[in-house]
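Peer 1: Using the hints, build the complex out of the two chains.
Line by line, the protein sequences give chains D and G.
The first sequence: position 215 = 215 (this note's numbering), numbered continuously.
The second sequence: position 92 = 92 (this note's numbering), numbered continuously.
Read the hints as simulated data drawn from the structure, not as lab findings.
Predicted model only: the values in this text are computed from it and were never measured.
Each residue gets a CB set at the ideal place from its N, CA and C atoms; glycine is no exception.
Not one of these hints is a red herring.
Pairs of lysine to any residue, SDA-like flavour, derived with a Cα cap of 20 angstroms:
id: 1; chain 1: D; residue 1: K216; chain 2: D; residue 2: V34
id: 2; chain 1: D; residue 1: K90; chain 2: D; residue 2: H239
id: 3; chain 1: D; residue 1: K90; chain 2: G; residue 2: R223
id: 4; chain 1: D; residue 1: K247; chain 2: D; residue 2: P14
id: 5; chain 1: D; residue 1: K90; chain 2: G; residue 2: A220
id: 6; chain 1: D; residue 1: K90; chain 2: D; residue 2: A151
id: 7; chain 1: D; residue 1: K216; chain 2: D; residue 2: V79
id: 8; chain 1: D; residue 1: K90; chain 2: G; residue 2: I226
id: 9; chain 1: D; residue 1: K90; chain 2: G; residue 2: D227
id: 10; chain 1: D; residue 1: K90; chain 2: D; residue 2: H9
id: 11; chain 1: D; residue 1: K216; chain 2: D; residue 2: L71
id: 12; chain 1: D; residue 1: K238; chain 2: D; residue 2: P14
One-sided excerpt, in silico: chain D residues whose CB lies under 8 angstroms from chain G:
id: 13; residue: G147
id: 14; residue: A151
id: 15; residue: R160
id: 16; residue: A161
id: 17; residue: L165
A short list of chain D residues far from chain G (calculated; beta carbon distances all over 10 angstroms):
id: 18; residue: W3
id: 19; residue: W7
id: 20; residue: S13
id: 21; residue: P26
id: 22; residue: I38
id: 23; residue: P48
id: 24; residue: E68
id: 25; residue: A78
id: 26; residue: T113
id: 27; residue: L132
id: 28; residue: H177
id: 29; residue: A220
id: 30; residue: L232
id: 31; residue: K238
id: 32; residue: V241
id: 33; residue: G249
Each chain is listed here by its residues.
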Amino acid sequence: MKWIPHWMHELSSPPTFYRFATVMRPWFLVLALVTTAIGLYGGLVMAPADYQQGDVFRIIYIHVPSAEMSLFVYGVMAVAGFIAVVWRIKLAESVAMQSAPVGAAFTFITLVTGSIWGEPTWGTWWTWDARLTSELVLLFLYLGVIGLFHAFEDRRQGARAASFLVLVGVINLPIVHYSVQWWNTLHQGTTVRLFGPSRIEADMLWPLLVMMLATKFYWAASLCGRVRTDLLSLESGKHWVRDLAQKEGH
Amino acid sequence: MRPGSLSAACAALLRRDLLLAWRRRGDIALPVLYALIVATLFPFALGPDPALLASVASGVVLVTVLLSMLLAFDALFRPDLEDGSLEQLMLAPQPLALMLGMKILAHWLSTALPLIIIAPVLASMLHLPGHANAVLVLALLVATPLLSLLGSVLVALTAGTRRSGMLLALMLLPLCVPVVIFAAGAVSAAQLSLPWIAPIAWLGAALALLLVLAPLACAAALRIAIDA
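Bound conformation, chain G alone (with noise of 0.2 angstroms):
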């Protein structure tokens, strides 16, 4: 690798993103944290009847990582946007969009995974039978990059303004309601014992389609919000 060519720039940006991630090993653990709690609540506001729980139990925990999730995006670009280097990523000959998907996968590796990964155990708790869990997992492997991707677009338009926590929630949340239904289908199809695998499938074809478009979209919107 070349230095100053389009896949360097790209492991460099990976690399420090993630060590930035690794150097600051505690935020990471929150929204894991965050998600263990909300989990734990449930059972303590629905009654600890396991049928009524493992009916609920592949909703709750997509809700609690969405919402996890939510919390975590304003990380994104936050920091970058302080220190003034993601205007210099900005003005770098690599094209932007790339880039940004390098950020957004460095983002999606250091706060969706540990979440997917603690997922069948938030799960379990719930009484979600084992083959149900396996499906959870695979659903969100999928659904989480979607998730992601449609985050950053979002958390680029309101990259330029204050208080963006509650409006972040409020514009994503309408977009992702098709993310949710459909993970959530999946799994409680997998419950049912009925085929699931078509409700993946459409959230492959969407993450398909977003790979490309997400990237190139946060692009232009971060240059419409970060115009000044």
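The shape of chain D in the complex, shown without the other chains (with noise of 0.2 angstroms):
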């Protein structure tokens, strides 16, 4: 493994990640914060209402970034439950199951949010459609893998169980991602494209892009705090830990 840089082999070791974490964590969390508010501001005041929707169709400044976070939190379980699996380092195992809780909060956002849109727009709460059901599914998936991670007494192999889970049910994710390509029902096609240039006005596109990096500060905010938990409580009878809350007189 000579391939892997030498700090990447110093991060994955959990006392190092707990100090790295707790640095950024305030970082991300502001710049979360901070980005947040100028998406919103573009979003909700400053982008023109759309010529059909009026101002309904600003709910997607909060669905489309969900919806993209309810996917690429999967990707990363994804990722980080290959390396549990394969070579069961602790962070990985860690970092898989503390994106779950946060990728279903996600998941059910993005579902509120479009029934939300959908009841004024398509005139109805909720429809079997391709893409709705899907999304629906992979909230389901979440669940399971936060349900089988918590079946287990032991963490670890809780943890590596359900990140086997994961690694199956990433079959979801094309489905998900391209089920309004395969089946042509209700739920539009992809508006904003990473290749080619995007069907949407770039007044009501850049708050779009500025939420999309929003959403992902505080998902690492949020992370950095939940697995620096889990850590502690995973080394709980270790020296790091003991000689971190000896510093901090406990």
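Peer 2: Right, dumping it as structure tokens:
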């Protein structure tokens, strides 16, 4: 494994990551708050109303970033889960398992905001459209992963078993992403594209991109906090945790 | 067949599991009875209108079969785990994936096959027309091994935990959504006299893939779940 740089090895040790997360968390949080403020101001105040939907369309500034995060977090979980299953690295197990509730929350927000938007626009809260259904399935997958993790008494074993489930569930990821193209149903197709021109006005686009950045920062901050706590309880018998506790006077 | 050879081990395991299932015949009857009861409840809930029942029959039978299989999954590894023979199997020189494949086959023969036999009866109780009934049996013949293979991986993951019933449902149901969609799609196409072979072919392709991958994944999952 010579191709992995030295700092990565170092960062994957719990005490080093604990210090890294302690330093980074406030920065991520501040960046998340600032970008959210800019994105929401741009989206809710500055962006023009849609010619057809009026102001209802503005919910995309919550909906689309959350939807993107629901897939992104699952992708991160899958990569961390793969590392956890194959190399049994403690930090990867922690990252995979602590990402799950955050991802589930983003999936839930996606479904709720989608319903709120669908009622006035499509005239229904819920429809058995391919993308809606696969997003719901994604939520169930997240819940299954969380449930399996907590079903084991040994946390590391539970983390590895749940990571394996994450890998089995990866098959759903392309289904959610391409469902709009494969089954041409109610949900609209891709508007914001990484490659080629986006099919959205620039005034409406930039707050969306800023919000996508904001959700990433929020996720990073949340993950830092969650993994920090998790590492402390996982390693509670180790020297570095005892030293830390003594230093803080507990 | 030389004793200790691969084929002898496969045959011995298959024979043992089928014999054990036969000795506990009552356990085989339970999922069938459960399916019968669930399917009987639908006409009470929906009303006895034949046209309405015929339109939902294929879906009701499929979901009923799925739920019955879900109930029976717990018996796949639990008895062997309790009496320690599963650990022996994991230590055996024969490849674990192949041995688990045999166990899954025995489990499918003893739980899914009775359900497939009773499925046309349930479907005709719900007024599914004859030709669609034949397609339903065909769809079940392809879909139930798929469910068994998918389920075995997840059962292996929950093998080390104590309360696994509801958890298994939560884990399995999202993954079996495509199976239900394609199987039900084939039957409803047959009901409308449309070509129905394409969804069955998709299921067959998935089955060919999972026949190879699922026992391997099942073995890996079992090694994770029964680590200590």
